[in-house]
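Student: Spelled out, the chains give:
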Amino acid sequence: MNKLDLPIIEFTDEQVKFRKEVRKFLEDARDSGTFESKCDSWLSGYDPEFSRKIGSQGWIGMTWPKKYGGSEQSAIERYIVIEELLAIGAPVAAHWFADRQTGPLFLRYGTEKQKEFFLPKITEGSCYFSLGMSEPNSGSDLASISTRAEKTDGGWILNGSKTWTSGAHHSHYMIVLCRTAPKDPKYRHGGMSQIIVDLTSPGVSIRPIKFLTGEKHFNEVFFENVFVSEENIVGTEGDGWKQNMQELAYERSGPERMLSTFPLLGELISVLRENNDKQGLKETMKLVARLNSFRLMSLGVAQYLEEGKDVSIAAALVKDLGTKFEKDIAETARLIISSVPSVHSRKQFEKYLAQSILHSPGFTLRGGTTEILRGIVSKGMIAE
Amino acid sequence: MSEMHELILDSTTKILKDICTKELVDKSEEGQWAGDLWEVLVESGITSIGVPESTGGTGGDFVDAFHILRLAGKYAVPLPLSETLIVNWLLAGYGVIPQEEPVTFELNSKLQLEKNDAGFLVNGALENVSWARNAKKILVLASLEEETFVTLLPLEDAYIENNNNLAGEPIDTVVFEDVMVNDIETYIVEENTLQEKVIDLGGLSKAAMMSGALDKVLELSVQYIKEREQFGRPLHKLQAIQQHIAVLSGETIAALTITNKAIDSYDKGTTDNEIAYAKLKVNESAGIVAEIAHQIHGAIGATHEHQLHHLTRRLWAWRDQFGNENFWAEKLAEKIMDSQSQTLWEMMTEEQMIETMQ
Ligand SMILES: Cc1cc2nc3c(=O)[nH]c(=O)nc-3n(C[C@H](O)[C@H](O)[C@H](O)COP(=O)(O)OP(=O)(O)OC[C@H]3O[C@@H](n4cnc5c(N)ncnc54)[C@H](O)[C@@H]3O)c2cc1C
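Taken in sequence, the protein lines are chains A and B.
Per the working numbering, the first sequence runs over residues 4 to 387.
Per the working numbering, the second sequence runs over residues 562 to 919.
Do not take every clue at face value.
To be verified - Computed beta-carbon distance windows for the label pairs: (1) Ser147(A) / Arg794(B): 21 to 31 Å; (2) Val346(A) / Glu907(B): 22 to 32 Å; (3) Glu13(A) / Glu788(B): 37 to 47 Å; (4) Arg111(A) / Gly830(B): 40 to 50 Å; (5) Lys583(B) / Glu218(A): 53 to 63 Å; (6) Lys671(B) / Glu13(A): 36 to 46 Å; (7) Glu591(B) / Asn5(A): 32 to 42 Å; (8) Glu852(B) / Lys154(A): 47 to 57 Å; (9) Gly830(B) / Asn140(A): 54 to 64 Å; (10) Ser147(A) / Gln791(B): 21 to 31 Å; (11) Gln791(B) / Thr216(A): 40 to 50 Å.
Don't read these hints as lab results, they were simulated from the structure.
As the structure is a prediction and not an experimental result, all values here were calculated from the model.
Glycine residues also receive a C-beta, built at the ideal position from the N, C-alpha and C atoms.
Modelling step: build the complete structure from the supplied sequences, incorporating the hints.
Tutor: Okay, here's the thing in structure tokens:
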């Protein structure tokens, strides 16, 4: 069935060399104490100084045009950098969404002014975005959102609230999906738009919601008569749903959908090798085979995305399989090595294991739940 | 991938669609040799694909060849195609013209040869030999005095005890008891190197065939949930069924992708752990897919009448041939144990550079 045939990506020698350079840079940074490796660091590792460092390496907005601060590299070079950042568990949360999603959104739909204003700052690693989609009453059923913007002189007045917004408490801006026309039951996906909200605007209040670990990652964000300039609409008024859905293919198929707990897997192998535990290694290598397969899928999707092909089914499958896999690493690790997982442990293994277990509920929820993804896959497979 | 890749696959698909029907596969399982299909495969050059034209083969590369095996799996071809191809590939290395008759191999055990005036006396038993009862010759390891070599022996005078795998394919026991052969060609080998090569070729062949079978199982399942209605609507409208189809699709795409990578690297001569990863993952997917597909199909899928079992029984049989999950995982474990200086991430990402390999 050709819906499921993906291209096989082969890295060139230059790309392999480039990967080694990136790795060396990151290992040096970690070893000199610039950061501490962590699982799920793309959600929980907030470090603006590190983001600026990455920016000055040219590793944010890598595929974007040079005139906006990018370095016009291919999607594969970007993929390599992202993989290295995740594999080592570097703190990339601050700039993550801007690099992955908002920048490409601007490049696709933004005005020249928006591109000139935002993109260079994003690539420097000093301008952070969060994604305002979910609301208290609209999770999986995103089309039911009720946050709305009403036309006023020179712009919009925004009212409503968003929730679960990752990193909003650290971000400068939020891309808010909101209604710009009343709900129409006959056309559920119409009447929505994407607007840029400056989070320092009067009327915006941000309240962190403690994650189950007690840490602060996501937030409730309230908009009370917030004025948004008409220049801040992204793309076409009323096309917000379509634009937002296009972003999701990027959101769903990246390496962060399988590598969130990779530091634990790497550590597991190290410990097993030290212990000369062949049986444990055997079980672990079964996980590695799966990871290899999902990684090849994700790379194939990245290639097809760059070629402009429709990969919505494969992208959803990458996330479905990859995020379940992230959880399975922790479940396998804890059975292979008896330990007392704790985020305060002096043993790296126990620390990573604790981080992985505690963060695991989010893996299969954020970015569209497994159940919703499977619905998308199934409908795609049924369609002729 | 050779220039004729698409062409070869299209014509193979056409042949198999026309000839390799459910009835043919059923008959084969009842013991009837699918000779007509074999003739067509030989005539169209499929049994010697991947053997260079200069050695009398069809040419084409291993990408072509393994994709043909994927089709063979998809159509449940009841013939020793992969066995014959593997023998032809191994012997092509010694400049031997490809066999047109069906042949098989067993290279794990060793036969004893004794030279006398008339020729050679062969003794020894081989187990689980695929398609022995239908094959004309068998490639074996044999030792004569101090020397070990491979040789292609006729099967006509061997005693064959029939046995079948879960899919009803022959996996016979072959006994040579003072069998006289007049003349043999011997090819010197290093035993371990040969066995490594055979397990790789066998593992990859089975992974390719299983990918094809997985692909077909998914196709049948999608078709079924569109047609079958319960509670006044097609099954695919039911969420539980949608979840099943998504899992099936996921396991299938994972298996296809990793197998394609292994095929690619084998063809380029850069194979490192790719075949191990592929066979391991495909085996795992096979179990999941077979279970779900049967669940989706309800009772009809568990009947002999329905086509599904031709594929699911092959998946169950093939996942244990040329290495189950534990076999390949152990190989990988030894590998990572032996390369202490490399982290897992290095092992996963440092692809063999092609220049240095050649
Ligand atoms: C760590 C984390 C970070 C997040 N960051 C962000 C962010 O930055 N921005 C943002 O906008 N959102 C964010 N989210 C929210 C996320 O997108 C939602 O959690 C997700 O879309 C699901 O919505 P919900 O939590 O309201 O669950 P619900 O939609 O209420 O779902 C509850 C359960 O019902 C199931 N379900 C719902 N509908 C169906 C259906 N039709 N068929 C079958 N099953 C169904 C779901 O799969 C789930 O199992 C984040 C979530 C997490 C956990």
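Student: Each hint: holds or not?
Tutor: Evaluation of the provided hints:
no. : hint                              : result
1   : Ser147(A) / Arg794(B): 21 to 31 Å : 24 Å, holds
2   : Val346(A) / Glu907(B): 22 to 32 Å : 27 Å, holds
3   : Glu13(A) / Glu788(B): 37 to 47 Å  : 41 Å, holds
4   : Arg111(A) / Gly830(B): 40 to 50 Å : 41 Å, holds
5   : Lys583(B) / Glu218(A): 53 to 63 Å : 58 Å, holds
6   : Lys671(B) / Glu13(A): 36 to 46 Å  : 39 Å, holds
7   : Glu591(B) / Asn5(A): 32 to 42 Å   : 34 Å, holds
8   : Glu852(B) / Lys154(A): 47 to 57 Å : 56 Å, holds
9   : Gly830(B) / Asn140(A): 54 to 64 Å : 58 Å, holds
10  : Ser147(A) / Gln791(B): 21 to 31 Å : 30 Å, holds
11  : Gln791(B) / Thr216(A): 40 to 50 Å : 45 Å, holds
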